[in-house]
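Single-letter residue listing:
There are 4 protein chains.
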Amino acid sequence: MSKSTKLWGGRFSEGISDVAHRFSSSIALDGKLWREDIRGSIAHARMLGERSIITKEEASAIIAGLEDVALEIESGAFQFNDSMEDVHLAIEQRLTEKIGAVGGKLHTGRSRNDQIATDERLYLKRAIPVLFNNASEVIRELLIKAEEYIDAIMPGYTHLQRAQPVLLAHHLLAYVEMFARDRERLAGVLSRVDRSPLGAAAFAGTSYPIDREMTAKEIGFGTTLGNSIDAVSDRDYLIELASTCSIIMMHLSRMAEELILWSTREFGFVTMSDAVTTGSSIMPQKKNPDMAELIRGKVGRVYGALINLLTTMKGLPLAYNRDMQEDKQPMFDAIETTGDSLEMMALILRETRFNISKMESAASGELMATEIADYLVRAKGVPFREAHHITGKIVSFAEDAGKDLDQLTLNDYRVFSEHFEQDIFEYLDPRRSLAEKRSAGSSNPDMVTEAIRKMESGIKPIITAIEYNCS
Amino acid sequence: MSKSTKLWGGRFSEGISDVAHRFSSSIALDGKLWREDIRGSIAHARMLGERSIITKEEASAIIAGLEDVALEIESGAFQFNDSMEDVHLAIEQRLTEKIGAVGGKLHTGRSRNDQIATDERLYLKRAIPVLFNNASEVIRELLIKAEEYIDAIMPGYTHLQRAQPVLLAHHLLAYVEMFARDRERLAGVLSRVDRSPLGAAAFAGTSYPIDREMTAKEIGFGTTLGNSIDAVSDRDYLIELASTCSIIMMHLSRMAEELILWSTREFGFVTMSDAVTTGSSIMPQKKNPDMAELIRGKVGRVYGALINLLTTMKGLPLAYNRDMQEDKQPMFDAIETTGDSLEMMALILRETRFNISKMESAASGELMATEIADYLVRAKGVPFREAHHITGKIVSFAEDAGKDLDQLTLNDYRVFSEHFEQDIFEYLDPRRSLAEKRSAGSSNPDMVTEAIRKMESGIKPIITAIEYNCS
Amino acid sequence: MSKSTKLWGGRFSEGISDVAHRFSSSIALDGKLWREDIRGSIAHARMLGERSIITKEEASAIIAGLEDVALEIESGAFQFNDSMEDVHLAIEQRLTEKIGAVGGKLHTGRSRNDQIATDERLYLKRAIPVLFNNASEVIRELLIKAEEYIDAIMPGYTHLQRAQPVLLAHHLLAYVEMFARDRERLAGVLSRVDRSPLGAAAFAGTSYPIDREMTAKEIGFGTTLGNSIDAVSDRDYLIELASTCSIIMMHLSRMAEELILWSTREFGFVTMSDAVTTGSSIMPQKKNPDMAELIRGKVGRVYGALINLLTTMKGLPLAYNRDMQEDKQPMFDAIETTGDSLEMMALILRETRFNISKMESAASGELMATEIADYLVRAKGVPFREAHHITGKIVSFAEDAGKDLDQLTLNDYRVFSEHFEQDIFEYLDPRRSLAEKRSAGSSNPDMVTEAIRKMESGIKPIITAIEYNCS
Amino acid sequence: MSKSTKLWGGRFSEGISDVAHRFSSSIALDGKLWREDIRGSIAHARMLGERSIITKEEASAIIAGLEDVALEIESGAFQFNDSMEDVHLAIEQRLTEKIGAVGGKLHTGRSRNDQIATDERLYLKRAIPVLFNNASEVIRELLIKAEEYIDAIMPGYTHLQRAQPVLLAHHLLAYVEMFARDRERLAGVLSRVDRSPLGAAAFAGTSYPIDREMTAKEIGFGTTLGNSIDAVSDRDYLIELASTCSIIMMHLSRMAEELILWSTREFGFVTMSDAVTTGSSIMPQKKNPDMAELIRGKVGRVYGALINLLTTMKGLPLAYNRDMQEDKQPMFDAIETTGDSLEMMALILRETRFNISKMESAASGELMATEIADYLVRAKGVPFREAHHITGKIVSFAEDAGKDLDQLTLNDYRVFSEHFEQDIFEYLDPRRSLAEKRSAGSSNPDMVTEAIRKMESGIKPIITAIEYNCS
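Chains as they are written, first to last, in our numbering: chain E, 42 to 512; chain H, 42 to 512; chain A, 42 to 512; chain C, 42 to 512.
Looking at chain E on its own, in the form it has when it is part of the complex (with noise of 0.2 Å):
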């Protein structure tokens, strides 16, 4: 069994083996952090020079090679390989063999517990106003679709059963604010990212006089974490995102659902274009809709990702564990899939034509039996629950007649209750019902239109990325 040799193999007689090097080796994923891990390396060997801990000149040589380091891996002259340990000691090894021993001082007041906990935290700083942005593309398409069919009506559902009519404008909103809630949530998320763990050393802090405010400034964090245990022991800011992409995927799932349902023969509501469809290898007629298929089935992924965090922090004892290297693949997994997912939503949403004679002729119908009900009531001074009997009986009566409501007469409208006068017909009639609606946030057109505007002057970016240069 050959043996590996480790930077911290002072005190081993023997490297570990093989297996175990394969099994604990975390470069193919924390290798993604080189950028946050150089940009927070580079704050540090600045900051030890500031502070005196390292000459000037050792600061000033150890960031010229870090420099060095980042120029050759963003070329591809220098490759992370499966027989590194992690992306942290790839750099270090790589500095020194470029500077020398003074490379070694880098390290200094600081442990890999901190350096990870950072290089995560800066991470996610550009990660989520991605995904905020990418919220917000989804937004936009809504509300240009929204704007674009603000005239169309179509039935409103509730159990999958016609329900009451709505402006399909109106529908498209309340996926607006679902949305909308999702960037609330994620700048909340941002907001507890955005400190430092820098400093915090292996977890109980240095006796090198470091100074942890002026690694978090030039960093970029807001500000510094409270205690170095926590500093390091803490992943709760993964959780929480990963929460977050979960809420995300469950919004973009409903409307995956209602893409799928509504892109059928049955629905035919919608037409996506051939740019977001497949085919088969066997049916030739076949235009599926699989990227809204796949959105769906990826929700099972973030949710995944979701249950691993949480089950790997589960009971472990203070500080740091290594347990905790198993982070990395959910956090990419999640914020990438749902990232990805956004986007993919977004051009679906470009790409898809609405069938409004289709959905405005099933608006129509049965559903109108909420404003005959209503009729009783508001016209006629019937309690509700009264008024909501007699129309059950009266829908009843039509389905077994095989006819609509509007194609009762009068006089089958007074055998159910003498309150019906020929003004009936005119609630039967669903843009009088939308227009008759008065409530606040409800499917009346001047209400949707009103939303329309102020969800648009809402849609700017709250939250830009940070500026460093990462790809």
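Among these hints, one or two may not hold up.
Because identical chains share one entry, a pair is satisfied inside a single copy or across any pair of copies.
As the list claims (entries may be wrong) - Mimicking DSS-like on lysine-lysine, the simulated pairs with C-alpha atoms at most 27 Å apart in a straight line are:
hint, residue 1, residue 2
1, K495, K97
2, K421, K139
3, K421, K97
4, K444, K139
5, K495, K369
6, K73, K369
7, K186, K434
8, K258, K495
9, K399, K97
10, K258, K73
11, K97, K139
12, K97, K186
13, K444, K434
14, K444, K399
Hints in this document: simulated from the structure, not taken from any laboratory.
We have chain E already, so just place chains H, A and C on it with the hints.
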């Protein structure tokens, strides 16, 4: 098969089957929401009167009737039973029994869809502040213990291996940070809960000239939800709360794990009183930390509630689907389990004595190795990596020799590096090591004392529960 | 703070606190296991007598006392209440009240640790056959419907797009396969449940000359567990059952989804009777498939129970930990929810009428495209990929022309390939297409009929519930 | 926006968008299944030739071409890239490039829907035996250790409190039982995996006279699936495997937890070699049980995979939906993580030395209390509950006196009960206590030795991997 009759039964020739009634009745769970339901109904009735949708007299009769029903439920004179469908219909039916057909006017301009969302949000407006205060109570106990044991030293651990000495108070404060973040998250959820859905009716709004602002204000909501379809189809607030509860339980599970470890014969760091320990039915000597174990075990229940909610909401088309009735069990389960567990943990802390001499004697010896490396770096200018390597060799030597690091001679040390001088032995004192810690948030006693002071001033509840009278 | 006294309280000077008692009492859940507990105790007492660990007279007194307690519980004369700790102590205490100090001998050579594992396994020996039979009942209803509608054609779907015609019976038989696999899995779990832990005592076995085979046989277990530590620390059987229930619920959720879709106005494939549908409190025309929605919604509860159990058991050291008490809620929840949902689904099937003319008319038109491609391949020797491509062009042409595939002329067809001849039109008949299916397990009517026959003969319960008298 | 061209693109005027292509391409994951895909295709082609659906010459050309493609992939001459859609189309396209249009005939009478199900099941037919053997390897190492330390005594724990002495071997055998059950479950899953879906085509079967039995046999399946719709829509086998893997990981997490505890300074029961431990980048003395921690941490990944699959399959209508493509990541993740973790655990066991003197000295003192109670019951006829109570008082007395139970005098004992005589002191010897254990499966040394012997004979693999050549 006998059949139930239902308030909505107008169009139905037969009633629902008994099996279906039992399968679908939610009264056993949503009956808990009767206070919220009545409170919302009173506000709705008053608004109907104010806006002349019903007469003032009708409104008064309904309100008086509802208050009577509340008294009946409170006193046990009226009890829910399995023949009822849900809390809304049970109360309305009882109201109508008491005040006659006018009771049927209460449901004008609303639906069970907005009603249940109102009830749930109102319930959360009570429950979240309770959780917040429960978390505060744990924080308070942690701070009391931190002050009481301000001088106690313990071994800090990583990988459950003794790592470096820390103050017990510093360790306890790490948990304060966690629960403080939990409080932040609870406040965030509450801000999204505090929006009234009432008046969204079935989902499309209503043609009655209702005033949603008025009912929101009367009930005590901060604002109203903007889109009526979203208002009845949203359950984000429950998922977000279940996620927040999951993180709280995860924190409690870590603390419980440590208390269980520390109360073993092997660690012996704490002794819990008889009030929070139990015995064995077979082994007379046992004194088991059952309460801590139960807290750790209950984390599964809350994770399960979170997955329950996420699963149920996946892929549901808008607006309301009956699947959503299944939100009650995980809602109550997450809230009650988390609240009870926080309360229990506060009690455990009160009933726990720390064995500081045992802790302190464990906080010496090989944990001082980092100090040796730091000695070489800070006092002698050896690059960190080299200092680390030298110290590793010394630790290995001491281990083979069966000696502690402070039992080695200066000559022993000098075998590994000529940099060692007599002052190395000063570095091996844990208290000196703590006093030397200089980084912000570290285990330095002055900093820890200051941190306690700051945290104490932050413990004041920032949320006060809403005022209406509920048990 | 008042204190509870406990049977195990010898070494405790104070009792447990009231808060802790409430937090830790399990009687509200494990009280359901009283039959199993008493049955296990009777077997244990008889064995103690047979092996002369207690006298025959003592054994008889204990057994008679336990039978009395059982009658008291059955009749309601003795009721559990919250002051009790768990079902084991509640029953033993009642026993001792009735027969005096000799009751204390019952616990000789056992512990609550092996007792609860025995109770749970015994409970599952009743519950699993019930689930098995519930699944069989759904299979039976599916087969009845398959036979009733043996001639009905429906569009088969992939991606929820009409794909190829199939027999409705063939579609229903797909679900039979799922529930048949569920029965296999239930049988597998039962085989691992059917092993007695009794006699493992606290975890190390006992020095009393007990006879584990004797108690196992008396209680009705197939065999005994081999290792006493494993016997009390194992909860695999619960997880495996929760996983099996999760798969069952997943199957039910798919079936529920289809029934909900099919009962929409848009599909219109099924009509459910009033017995399994409900109305709306606001929209008089609604007839909602609530029971199917609830089944779909309840899948979350069972997934949650699975995660609950998996989380609770993660990382527990051997042997027994109090965390494991938290297994009751998910156990009961998974079993009851799954059993009720299966029962409900059987009823829904009984109460559902298929609208075969609607289905059949949906099973023509563009779904016949695969037949056109097959025509080119089989009758004309065109390579499949080319045939697929040609047919795709034809479908596109028909769509643009607003025509169905059987409304195109031979000339239309020949524009795309000279291989087309008059016999192409025969290929466009769905019934011919089904009759032409030749592959095993396909939608060919003869094969489907044969499959029904085989499945009917396989429906006989292969598990019979154990015989002892339980409600 | 550039567009991809697809094999199924006949009816599509534009190609799929690049974003959609990236979002939907599965080649990065399903490319791992190329061996299975080619193996299935060869069997299919041979059958098509045998049944004269294509000519023998065509079949031979296709088979030779596929074998060539396999060699190209094996050697790296042909590599998958992101422009490809999935493994099936990539291989077929390459085949057609090599052998011309006849390659297009391969897909006759099948679909990607049955093809992917075949590939996955075939992959599991390789993977499950590997997991089975990995579990066997852990069992083997446990048995080796159990034999090596057959005389070693350790404290058995409940609630992590010392409870009663047991043999270390007995404790290790508890894990053998767990992994033996895992092997049973794996065998059960395999029996349900071993059924061929090939020939179900898209879902309805096919009109080509294919022979499903022939391909099943050729590929190596035990039997065929009975219903073509079920054959393509079933993913039970993946969920069942992920659940089985979750239970395995749960077992490993318990073992890992114990190894971590036992390697603390406080317990000191084990020493792991350098091959499976790692150091700290900052604390030179650290020797951390990282491999055990990683195993414990990875349990989250597998639980996550299980929830992923369950979530994705929830509520999907029949037959195939693109959501199901998302099954690959959790499938590979669950299998690889579990396999690696089992392999790692076997290595840890090989590299672990038990410190038996430390264990033995921990296995005396207060754990002997049960023996005192048993003495009173068995030697003196005191009812168990009373004996338990007396012993509790003695333990409390000894604790207050700061003495061990064997340091009390006979007079001390007689204060609590006159039944005590000189022979009580014999009962306080742990080895005597073990020798006295008489119940089957207990910690009695003879029984444990016999158990090891039996388990060794059961370790032979009952599953052998299928024979075809795969890496």
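- Given a CA cutoff of 27 Å, do K97 and K139 count as a within-copy pair, a between-copy pair, both, or neither? within (18 Å within a copy, 64 Å between copies)
- Given a CA cutoff of 27 Å, do K258 and K73 count as a within-copy pair, a between-copy pair, both, or neither? within (23 Å within a copy, 46 Å between copies)
- Message: Treating 27 Å as the Cα threshold, decide for K444 and K434: within, between, both or neither.
- Response: within (14 Å within a copy, 41 Å between copies)
- Pop the pair K495 and K369 into one bin, within, between, both or neither, using alpha-carbon distances up to 27 Å. neither (39 Å within a copy, 34 Å between copies)
- Message: One pair to classify: K399 and K97, alpha carbons no more than 27 Å apart. Within, between, both, or neither?
- Response: neither (73 Å within a copy, 45 Å between copies)
- Task: Tell me, please, which holds for K421 and K97 at an alpha-carbon limit of 27 Å: within, between, both or neither?
- Result: between (88 Å within a copy, 18 Å between copies)
- Query: Between the shortest in-copy and the shortest cross-copy C-alpha distance, which are at most 27 Å for K73 and K369: within, between, both, or neither?
  - Reply: both (10 Å within a copy, 23 Å between copies)
- Task: At 27 Å max between alpha carbons, let me know whether K97 reaches K186 within a copy, between copies, both or neither.
- Result: So K97 and K186 fail the 27 Å test inside a copy (58 Å) and across (44 Å) alike.
- Task: If the cutoff is 27 Å on CA atoms, where do K495 and K97 land: within, between, both or neither? Let me know, please.
- Result: For K495 and K97, the Cα distance exceeds 27 Å both inside one copy (54 Å) and across copies (36 Å).
- Query: Within a copy, between copies, both or neither: where do K186 and K434 come within 27 Å Cα-Cα?
  - Reply: For K186 and K434, neither the intra-copy (39 Å) nor the inter-copy (31 Å) Cα distance is at most 27 Å.
- Message: When Cα atoms must be at most 27 Å apart, do K421 and K139 count as within-copy, between-copy, both, or neither?
- Response: between (90 Å within a copy, 24 Å between copies)
- Item | Up to 27 Å CA-CA - K495 versus K258, copy category | between (36 Å within a copy, 22 Å between copies)
Hint violations for this structure: numbers 1, 4, 5, 7, 9, 12, all remaining hints satisfied.
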